[in-house]
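*Asks:* Here's the letter readout for the chains.
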Amino acid sequence: MSAATAVLRRLKFSREVVLLGVLIVLLVVMSLLSPLFLTVGNLLNTSRFFVEVGLMALGMTLIIITGGIDLSVGSNLALVSVAVGFSYAADLPLPLAIVFGLVVGLAAGLFNGLFITFLDLHPLVVTLGTFALFQGLAYGLSRAEAVSDFPAWFAYFGQAYFLNVVPGQLFIFILAVVVVWLILSRTRFGRYVYAIGNNEEAAHFSGVPVRRVKLALYSGIGLLVGMAAVIYTSRVYTARGDSGLGLELDVISAVVLGGASIYGGSGTIGGTVLGVLIIATLRNGLVLAGVPSTWQVFVLGVLLLVAVFLNEFFRRREE
Amino acid sequence: MSEAQAPIPAESSANGTALRRWLVRPEAPALVFLAVLLVAFSLSSDKFLSGSNLESILVSVAVLGTIALAVNQVILCGEIDISTGSMMGLCAVAAGAVATSTGGLILPLLTGVAVGALAGAVNGLLVTLGRIPSIIVTLGMLYALRGVILLVTGGTWITGIPNETRVLGTGSVLGIEYPVFVLLFLFVVMELVSRHSTWGRNVFAVGGNRRASRLAGLPIDRVRFLSFVLVGVFVGIASIIYLGRAGSVQTNTGTGLELQVVAAVVIGGTSISGGRGSTLAALTGAVLIGVILNGLILLGVPGIWQDAVLGALILLAVTTDVLRRRLLGDKS
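Just so you know, the sequences run in chain order A and B. Take the first sequence: its letters are residues 1 to 319, numbered as in my numbering. Take the second sequence: its letters are residues 1 to 332, numbered as in my numbering.
Read the hints as simulated data drawn from the structure, not as lab findings. Keep in mind it's a predicted model, so treat the numbers as computed, not measured. Fair warning: there could be bad hints in the mix.
Claimed, not checked - A partial selection of chain A residues facing chain B, derived with a Cβ cut-off under 10 Å:
1. Asp120
2. Phe134
3. Leu137
4. Ala144
5. Val147
6. Val236
7. Tyr237
8. Ser266
9. Gly270
10. Phe309
Claimed, not checked - One side only, chain A facing chain B, incomplete, derived with CB under 8 Å:
11. Leu110
12. Leu114
13. Phe115
14. Thr117
15. Ala132
16. Tyr139
17. Ser261
18. Ile262
19. Val291
20. Trp295
21. Val297
22. Leu300
23. Leu304
To be verified - Simulated coverage check for chain B against chain A, where a stretch passes if three residues somewhere in it have a Cβ under 8 Å from a Cβ of chain A:
24. 128-135
25. 161-167
26. 215-228
Note that beta-carbon positions come from the ideal geometry of N, C-alpha and C, so glycine has one too.
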């Protein structure tokens, strides 16, 4: 009995190890499915695709730890992409257009945050509304057209290589991981995030500035979405209103798979990074195996349900 | 002050409470908004207030309204269902496949309802037994069911739905087109169920205060489970209306519908946090969305702005809900 609980407890502490195991099994399976999979070139190329999801997942981890959620990240990405592309098309110099895009992302996140904190609304409702609003603005403002006549240097953000093999955006992602990890695990702000997720009311009465923390988190993910949007736009070299459609599923799946409880209070950056890697591997492997994209979405949807179910199952077993 | 005037304050205060009682009704702001819009649109476009245009608005919201009536119950329970878009697609595919092979109305209808109820039951089981938040369950199902549609159809359209199956979308009864008739009929049914059945009352209790409901011995899991199944059943019925109207099913049928449904319910005045709302709110919200989308077309606003308008409306509705409750001093 006590041996069993001890094993379970160790399982909890080594959740990252379990995820690492899953990742390795997945890598083996995928390399059996496609001979192209386990090549250095392909593995590095995969990182092109997960950096965007990964950046947003970092912000989403902190938000989910506080018990919140942001469904609007995919739409926000489209909005920023359109903001960058069309302000450039309207003769704004590209560096300024990129800054403008980041500001739009930040402002969109702040907009979510203001609604959530000052009206005491559930993040789910607000971001469901802004999911439609941002998407609609992206479509409407772009008149469903695309901009793709960017100067050559714009490709730097999404298509550059270091030493001929390492995609440039990988460095941005690693830097972001380190910064967000430091914030979450080494600062007072990070402790506030967990405190709010465990018991918001108790946190409030203990002097945690709940509103300010939440405002910072939703603005922060807006900025991360802005960065992801610039990389995305540069990678596909096109600014369109339907960029990032459905990316919120990848992002939320990655975070939940990484062990963050959807009820708030628990979650780690390490877990999220592993979750992002697993989903990227899965997506890339399925593409190489010739599985159509709608099926990938099916797999992701089921994976999300299984991951949450297992999370809550193990959490209840521990209690 | 004088004796002659004495009854007047009493009467005006009685009026005051009547007005107040009306104002605290969940669907009141939506109804006022609807009235204002009807006046504004009819002033700005001659075509708007014609009988045929008004009926075509009601026909156009029949699918949306039918599903909203059921999702209303889920939201009253304090849960949410955003899988209805894909669920509608799946029901339409299943019903369409049966219709093309057997014809008739009853068999496709039963198929659609059965498939919907099954999908709703999966939602309900994952929420109640799996104890996963409904937003995550139905987000996962939104994508999973879309995958199932591709599995069933192999990516091809279903065309050639026989006319006898399409009657719910094309025919009319007593001078009312069938989609409108079905919507109003289901509205009356839900109004009665909501007011007079045990389950209908329990839905309000569970959404209003789940802990108290559990302590009072209410079967909170069964109440919530049934509301998810009800969504499936209504989605099944709506899919037959859709089949009748469209005459074919594509793999992307119903995409984005889930958002309109949730928008209709919260715009109508049912509180997203559960426990407060009414059947009339869901219907009002659906009609309001129909009127707005129709009005935008008449005013010449391009269709690409639809999502933005919908999103702004959801935010406006939830904001109004919060502000109204604060003004009326209702803390719950």
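*Asks:* Evaluate each hint against the coordinates.
*Replies:* Results of checking the hints against the structure:
1. Because the beta carbon of aspartate 120 of chain A sits about 7 Å from the nearest beta carbon in chain B, less than 10 Å, this interface hint is met.
2. Contact between phenylalanine 134 of chain A and chain B, as hinted, is supported at the beta carbon level, the nearest pair being about 7 Å apart and thus within 10 Å.
3. Given the 10 Å rule on beta carbons, the hint for leucine 137 of chain A holds: about 5 Å separates it from the nearest Cβ of chain B.
4. Hint status for alanine 144 of chain A relative to chain B: holds, with the closest Cβ pair at about 5 Å, below 10 Å.
5. For valine 147 of chain A, the suggested interface contact is broken, since its CB lies about 16 Å from the closest CB of chain B, more than 10 Å.
6. Proximity of valine 236 of chain A to chain B is violated relative to the hint, the smallest CB-CB distance being about 20 Å (cut-off 10 Å).
7. A cut of 10 Å between beta carbons decides the hint on tyrosine 237 of chain A: the least distance to chain B is about 23 Å, and the hint is violated.
8. Given hint, serine 266 of chain A at the interface with chain B, is violated; its Cβ is 15 Å from that chain's nearest Cβ, farther than 10 Å.
9. Of the supplied interface hints, the one on glycine 270 of chain A is violated, with its beta-carbon coming no nearer than about 22 Å to a beta-carbon of chain B, more than 10 Å.
10. Checking phenylalanine 309 of chain A against chain B by beta carbon gives a least distance of about 5 Å; that is within 10 Å, so the hint holds.
11. Among the interface hints, the one on leucine 110 of chain A is violated; its C-beta lies about 14 Å from the nearest C-beta in chain B, farther than the 8 Å criterion.
12. Interface hint status for leucine 114 of chain A: violated, as the beta-carbon distance to the closest one in chain B is roughly 11 Å, over 8 Å.
13. Given hint, phenylalanine 115 of chain A at the interface with chain B, holds; its Cβ is 7 Å from that chain's nearest Cβ, closer than 8 Å.
14. Proximity of threonine 117 of chain A to chain B is violated relative to the hint, the smallest CB-CB distance being about 12 Å (cut-off 8 Å).
15. A cut of 8 Å between beta carbons decides the hint on alanine 132 of chain A: the least distance to chain B is about 3 Å, and the hint holds.
16. Taking 8 Å as the C-beta cut-off, the interface hint given for tyrosine 139 of chain A holds, the closest approach to chain B being about 4 Å.
17. Of the supplied interface hints, the one on serine 261 of chain A is violated, with its beta-carbon coming no nearer than about 10 Å to a beta-carbon of chain B, more than 8 Å.
18. With its C-beta approaching chain B no nearer than about 5 Å, isoleucine 262 of chain A sits inside the 8 Å limit, and its interface hint holds.
19. With its C-beta approaching chain B no nearer than about 11 Å, valine 291 of chain A sits outside the 8 Å limit, and its interface hint is violated.
20. Interface hint at tryptophan 295 of chain A: satisfied, since its Cβ lies 6 Å from the closest Cβ of chain B, which is below the 8 Å cut-off.
21. Interface restraint check: valine 297 of chain A against chain B, minimum CB-CB distance 5 Å, threshold 8 Å, status holds.
22. Given hint, leucine 300 of chain A at the interface with chain B, holds; its Cβ is 6 Å from that chain's nearest Cβ, closer than 8 Å.
23. The criterion of a C-beta within 8 Å of any C-beta in chain B is met by leucine 304 of chain A, whose closest approach is roughly 4 Å, and the hint holds.
24. Under the rule that three or more residues need a Cβ within less than 8 Å of chain A, the assignment of the stretch 128-135 of chain B holds, with 5 such residues.
25. Against chain A, the stretch 161-167 of chain B contributes 0 residues with a C-beta closer than 8 Å to a partner C-beta. That does not satisfy the three-residue criterion, and the hint is violated.
26. With 0 residues bearing a CB less than 8 Å from a CB of chain A, the stretch 215-228 of chain B misses the requirement of three and the coverage assertion fails.
In this structure, the hints that do not hold are numbers 5, 6, 7, 8, 9, 11, 12, 14, 17, 19, 25, 26, in rising order.
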